[in-house]
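J.: Mind the numbering: the sequence shown is residues 1 to 447 in our numbering, read in order.
Hints in this document: simulated from the structure, not taken from any laboratory.
Even glycine gets a Cβ: it sits at the ideal position worked out from N, Cα and C.
Just to be clear, a hint being listed does not mean it is correct.
As the list claims (entries may be wrong) - What follows is a list of derived Cβ distance ranges for each label pair:
id, residue 1, residue 2, range
1, L417, D73, 25 to 31 Å
2, R380, I446, 47 to 53 Å
3, T419, E196, 47 to 53 Å
4, T292, D331, 27 to 33 Å
5, D188, T314, 37 to 43 Å
6, E196, S152, 21 to 27 Å
7, D286, S409, 40 to 46 Å
8, N251, D401, 35 to 41 Å
9, D401, D319, 26 to 32 Å
As the list claims (entries may be wrong) - Computed cross-link-like contacts, EDC-like style, restricted to lysine to aspartate or glutamate with a CA-CA straight-line distance of at most 20 Å:
id, residue 1, residue 2
10, K304, D293
11, K271, D200
12, K323, D309
13, K349, D293
14, K429, D394
15, K429, D340
16, K349, D319
17, K385, D414
18, K323, E276
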Amino acid sequence: MRVLDFGPGSSIEGFENYQNQFVYLVSGPDVAPEYQGFQLATDQAGLYVDFRDFDYVTRVTGGNFGDYVFTGDGNDVLNGGGGDDFLIGGGGNDVLEGGRGSNSFDGGTGTNTLSYEHFDAPSLGGTLGVIINMESGSASDGESSLVQDTFSNIANVRGSQYGDIISGDAQNNVIEGGVDVDSLTGGDGIDTLSFEHSSDGVIVDLQEGFGSGGDAEGETYGSFENILGSTTDDALYGDGGANTLNGNGGNDELYGRDGNDRLVIGNSPVKVDGGEGTDLLFILRDSTVALTDTSFTGLASIEKIYVRDGASLTMTGVDIGAKLYSQSVADGGSTITGTDGADRIAAGKGNDVIAGGRGGDSLFGGAGADTFVFAAGDGRDVIRKFDAINDTIDLSALGGDTDGLDVRSFHGGDSTLITLAHEFGPTDKIILLDVAFGSLTEGSFIL
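Construct the entire structure; sequences and hints are all you get.
T.: In structure tokens:
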């Protein structure tokens, strides 16, 4: 066995001297991160290479002969190249790529993916893709039988650029067919049909079992519960069960139908309809979403809306109250503007900005330094869990006109009543529940 120890300043070369030998790689304490990709010698006999102690390896590509490659605890990409290879992912969430030859793949621990996205059918004299059976742990090309792979510890599969036949197992699989017309079956777990890499938008219907547009064109599906759409404009339809429909960006249409569904958006949607059941809407992290009265087939079809950390949600022209919850993290923050109805809006763990909008709203502070924004005509709102030390009331929308502002004790001195009287229009009120008047300072207000 040869042992190669790469410390600071080392170069990675000379694999041609180690054909038919076991090479064990040891990383130095400060190996630079640029040493992330390894191309094994393409014109030498098979290598036995162990990267398990090499911290920065992210991609290993084998040569044209049979290689044995082991990686460590990172999220690695392993491609055997040509030959009959044996690839072991170790720890982490790894991607193991199939190609020519009959290969053996072991994902190791973690949530691992078997990918044939670089499978080249014409080089094998064919036009079809791969046949993958996750239950039996086997994969083969559709025509020549030159590819006869076996695999274990694989949860997810990505097909080729040709027509594939893929069936899942009892795990919760994520299956992506890729380009061309595929036949995909989920299996017994809670499975996700993915179009993450489709360059065009897709229309996918789980109840009818068919798709069109983009990578979904002409495909058939069965036994899937969830859909991950493309990054462009999709139309995703659930079935009678509990579905998660993730638009994944773009101006999407999401229809949950029956069941307790989860709808996920990262952009302003064309339409969101949870259907029957208790349905939830999630706003993706760091996204900006504007919902209007035309966004919903009745807001009543969505029972709760969750806004992930860094996201901004504005609801305009919606007159039915909603239940909205920030999922901000410590040192993070979300921005939520409610409807024209009676909303319930709760801050998260971060520094959130919350505007109830019109209507009598119930607002809740969280663990961070939250800002509650008010404007003329917002009505009578109640704020619970307001932190007099860290939270603020933002009245800057009044333009500095504080003539009608009155702050006084309320409810026997246990709470505070803020009155905003206007020359024209009704008086607005803000109640800080369980916050004594004396605990407020000038810093409690933004004027």
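J.: Now tell me, hint by hint, if it's right for this structure.
T.: Cross-check of the supplied hints:
{"no.": "1", "hint": "L417 to D73: 25 to 31 Å", "in the structure": "violated (57 Å)"}
{"no.": "2", "hint": "R380 to I446: 47 to 53 Å", "in the structure": "violated (20 Å)"}
{"no.": "3", "hint": "T419 to E196: 47 to 53 Å", "in the structure": "holds (52 Å)"}
{"no.": "4", "hint": "T292 to D331: 27 to 33 Å", "in the structure": "holds (32 Å)"}
{"no.": "5", "hint": "D188 to T314: 37 to 43 Å", "in the structure": "holds (41 Å)"}
{"no.": "6", "hint": "E196 to S152: 21 to 27 Å", "in the structure": "holds (24 Å)"}
{"no.": "7", "hint": "D286 to S409: 40 to 46 Å", "in the structure": "holds (41 Å)"}
{"no.": "8", "hint": "N251 to D401: 35 to 41 Å", "in the structure": "holds (39 Å)"}
{"no.": "9", "hint": "D401 to D319: 26 to 32 Å", "in the structure": "holds (27 Å)"}
{"no.": "10", "hint": "K304 to D293", "in the structure": "holds (16 Å)"}
{"no.": "11", "hint": "K271 to D200", "in the structure": "holds (19 Å)"}
{"no.": "12", "hint": "K323 to D309", "in the structure": "holds (17 Å)"}
{"no.": "13", "hint": "K349 to D293", "in the structure": "violated (29 Å)"}
{"no.": "14", "hint": "K429 to D394", "in the structure": "holds (14 Å)"}
{"no.": "15", "hint": "K429 to D340", "in the structure": "holds (16 Å)"}
{"no.": "16", "hint": "K349 to D319", "in the structure": "violated (28 Å)"}
{"no.": "17", "hint": "K385 to D414", "in the structure": "holds (13 Å)"}
{"no.": "18", "hint": "K323 to E276", "in the structure": "holds (17 Å)"}
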